[in-house]
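Participant: Order-wise, the sequence lines are chains A, B and C.
Quick note on the numbering used here: the first sequence kicks off at 1 and runs consecutively.
Quick note on the numbering used here: the second sequence kicks off at 1001 and runs consecutively.
Quick note on the numbering used here: the third sequence kicks off at 2001 and runs consecutively.
Note that these hints are calculated values from the structure, not bench results.
Incorrect hints may appear among the rest.
Here are the computed lysine-lysine pairs in the DSBU-like style, where the Cα-Cα straight-line distance is at most 35 Å [as the list claims (entries may be wrong)]:
hint: 1; chain 1: A; residue 1: Lys251; chain 2: B; residue 2: Lys1074
hint: 2; chain 1: A; residue 1: Lys310; chain 2: B; residue 2: Lys1151
hint: 3; chain 1: A; residue 1: Lys384; chain 2: B; residue 2: Lys1151
hint: 4; chain 1: B; residue 1: Lys1190; chain 2: A; residue 2: Lys385
hint: 5; chain 1: B; residue 1: Lys1074; chain 2: A; residue 2: Lys53
hint: 6; chain 1: B; residue 1: Lys1151; chain 2: A; residue 2: Lys331
The following residues of chain A were derived to be distant from chain C, with all beta-carbon distances above 12 Å [to be verified]:
hint: 7; residue: Glu82
hint: 8; residue: Ile290
hint: 9; residue: Glu324
By construction, the Cβ of each residue, glycine as well, lies at the ideal position given by its N, Cα and C atoms.
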Amino acid sequence: MSTSVVPETAGGYHVDVVESDNNRMVLSMGPQHPSTHGVLQIVTEIEGEVVTKASPEIGYLHTGIEKSAENLFWSQASTVIERMDYLSPLTNALCYYLAVEKLLGIDAQIPERANQVRVLTSELSRIASHCVWLGTGGIDLGALTAFFYCFDLRERILDLFESAGGARMHPNYIRVGGLAQDLPAGFLEQLDGVIAMYEPRMRDVRRLLQKNPILQDRMIDVGIIAPEEAVAWSLTGPVLRATGIAYDVRKAFPYSGYDRYEFDTPTRTEGDAYARFLVRLDEMDESMRIIRQVRKALAEPGPWQLTDTKFAPPPKETIALSMEALIHHFKLVSESFRVPPGDVYQAVEGPRGELGYYVVSNGDNRPWRVRTRPPSLYNLQVLKKIALGELIADMVVMIGSLDPVFGEVDR
Amino acid sequence: MPSSQTPPAGATALDPTAVRPDIADARVMRIVPAELQATLRRLQSDGFSMLLDIGGVDYPGREPRFDVVYHLLKLPQAEATIGEVGQPQRVRVLCGVPEDAPAVPTAVGLWPSADWAEREIFDLFGISFTGHPDMRRIQMPDDWEGHPLRKDYPLRGTARERTPRPSFALKSNVAAGTPASGRTAMALQKQIAQARARFDTHAAADGVAAAQSGANSAGAATTAGEAEPNELAERPVNLKSKDNTL
Amino acid sequence: MGLGGNSGGDFLLTTVDSVARWAQASSVWPLTMGLACCAIEMMTATAPEYDIARLGSEVFRASPRQADLMIVSGRVARKMAPIVKRLYDQMADPKWVISMGACASSGGVFDNYAIVQGVDTVIPVDVYVPGCPPTPDGLLYAVNLIQQQIKAGGRGGILARA
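Same shape as in the complex, but just chain A (with noise of 0.2 Å):
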């Protein structure tokens, strides 16, 4: 194959003129792309329409989250992480302030209904954030019921962290020691609301897409992930459980009380997009038996977050009335607490996959480093191996199936 590369100008814009006498060509796909999910520039060799070389190309949407969060206070650093994998902002915040907890040496001494309302709302994003990768799946393929289905299922859920947190996404509801405020009044009818709502709601979207001759048609046997490959490309959460090693955070390293509550991890084996959407709907209904578990215990009133003034504000009331309130309460604000030094690695089950923070403290009130290990980085290298010898098409499908945020992916 002959090649000459000869770049030239054209209005201004820098082209890269290759010229090759076989049948392939370049193609960009992306950054700007209804089905790429987001900012993803995958540049394809193609021949007609058979894909012969993937090379995804991202940081178009890096945004410097962790260099910001070494210049934040911990409490401050988790607005910026929160709109990292901006599908499920609370997971990021609650994998990011057990971190700073575990560093802390308080995550022993969290309160039960913190606890407890921590892994609602963990349940409700993975449920939200299911529905979103449902509904732009299912635009990919032209299912576009599905869509307008799914988000009415998200709009919901929204309006229960608005109504808890004070914002639809990034409500910044979690804080170190428990939770920023407790539920208001109303909240649990609302969620009881949610949950009537969810199984009618699941049967349809079922109704309209498990059996459905045209999405089996495209999602059977595509982008198919052997075990040791998923392991091999550091693959975790439905990825990897569709592809048959059952391997899910909640249940390896419990968290939030976890443990206490009754669920299954939904495994596949044949490790296919179907598969891989199999999964996830079957996570979704998981999900919603953790929440009616935790409503049940939720119907209980207790502290929602640790009394330690050093770390959490103090109650508005007494602020007015005591001394001792109004200087921790400043002290907290203007210049934060401390955290003493020392790194640690704490990792949450995401909607992604494994969502990992390794914060690295040296004593200041500021982060010394948040690394993020992000899911959708390592689930979306893998689209370099499997998009090999697939039609462009199926690609669509395999991004699709592999579910990337770029906030995550680019940071």
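Place chains B and C on chain A using the hints.
Facilitator: Okay, now just chains B and C, sitting in the frame of chain A:
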């Protein structure tokens, strides 16, 4: 915004990884780059089949300056149920990389997923991985200069750090900040008095509201002329009021 | 905006112009320029609860050649900025830009090396929407403002130049 208060010296650790808090998150090993390949290979054959993550950390005061941190997970490779997966173990391998020779052998041969993680460390820290098939930047544009996550790289970037803040950020309706004291207050008071004197001279010359400004200027001149420097130092400045009353 | 001094001709062109403005305002088709979290709220604005289709934005076009409105939704990284500019250049006149969210309007929470401090340093913006992310209601209001801008003239209209 973070406060400008710096913590007292001596309270911070130069090498936080030397401090081992009582957290059971992973078994920790510290090695040098020369033994990296052997260690990773041995761990992989030991059953630590999944590379969780490769990250970089910068400790500027310490020798070696950088740490490349590998997290590995012991996970069965074939299909495995929850019972067979059991309680996996984690290991953390800390590889110290000196600043003058920031190169480390690549782990791509052992785990193909190390590809992008190592590119990211190269991009953001400047540590290159020998033997990597595609050692180029991944997050920043190809022509970027500098390695952003190093501690000596400014947060806002080299170009923007040199440009001043927009002027509207300095103007405010509220006299912000701690009132000046000491020599600064004296100098400030002198400037205010001089400025007012100039204004009052013009006003007197124009003959506009002579009585009003005359009274004021008399007051201001008296104040500026008669007050002791020390008294001025104690008195806070209110730039908005005409005769500097609070 | 008439050609020549013929009042009859002016009237005709003004009527055509206002019909054109009405047509443009009633069918503002956005470009799928979804970058980050705000993109999810933009997608939610197309969902049944908020339904941007009732404002005329029935379809989001993937190709800039076919879109009128670029909704820059999300933080614009340094690497992405030239691409945003290229896409804006590829859009046909008349075109409008909504800068959705704090990051697109001013850099938002991210005052650092990686994020462009406001997409208006790269392309001209017509409406800024504050929020992090703004609720879909905010985006709907922004599209309403764009419609008002189109009807009032300026960059809209069959004879106006951007």
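Participant: For Lys1151/B and Lys331/A, compute the direct alpha-carbon distance and say whether it is at most 35 Å.
Facilitator: holds (26 Å)
Participant: Taking the closest pair, is the beta carbon of Glu82/A still more than 12 Å from chain C?
Facilitator: Contrary to the label, Glu82/A does not stay out of reach of chain C, its closest Cβ about 9 Å off (not over 12 Å).
Participant: Holds or violated: Lys1190/B with Lys385/A, Cα cutoff 35 Å?
Facilitator: At roughly 74 Å apart (the allowed maximum being 35 Å), Lys385/A and Lys1190/B break the hint.
Participant: Hey, Lys384/A versus Lys1151/B, does the alpha-carbon distance stay inside 35 Å?
Facilitator: holds (33 Å)
Participant: Between Lys251/A and Lys1074/B, is the straight-line Cα distance small enough, at 35 Å or below?
Facilitator: holds (15 Å)
Participant: Tell me if the straight-line CA distance from Lys1074/B to Lys53/A falls inside 35 Å.
Facilitator: Distance of about 32 Å is within 35 Å: holds.
Participant: Does Ile290/A sit more than 12 Å from chain C, CB to CB?
Facilitator: holds (24 Å)
Participant: What's the verdict on Lys310/A and Lys1151/B, does the C-alpha distance respect the 35 Å limit or exceed it?
Facilitator: holds (28 Å)
Participant: Could you check that no beta carbon of chain C comes within 12 Å of the beta carbon of Glu324/A?
Facilitator: holds (32 Å)
When each numbered hint is compared with the structure, violations occur for hints 4 and 7.
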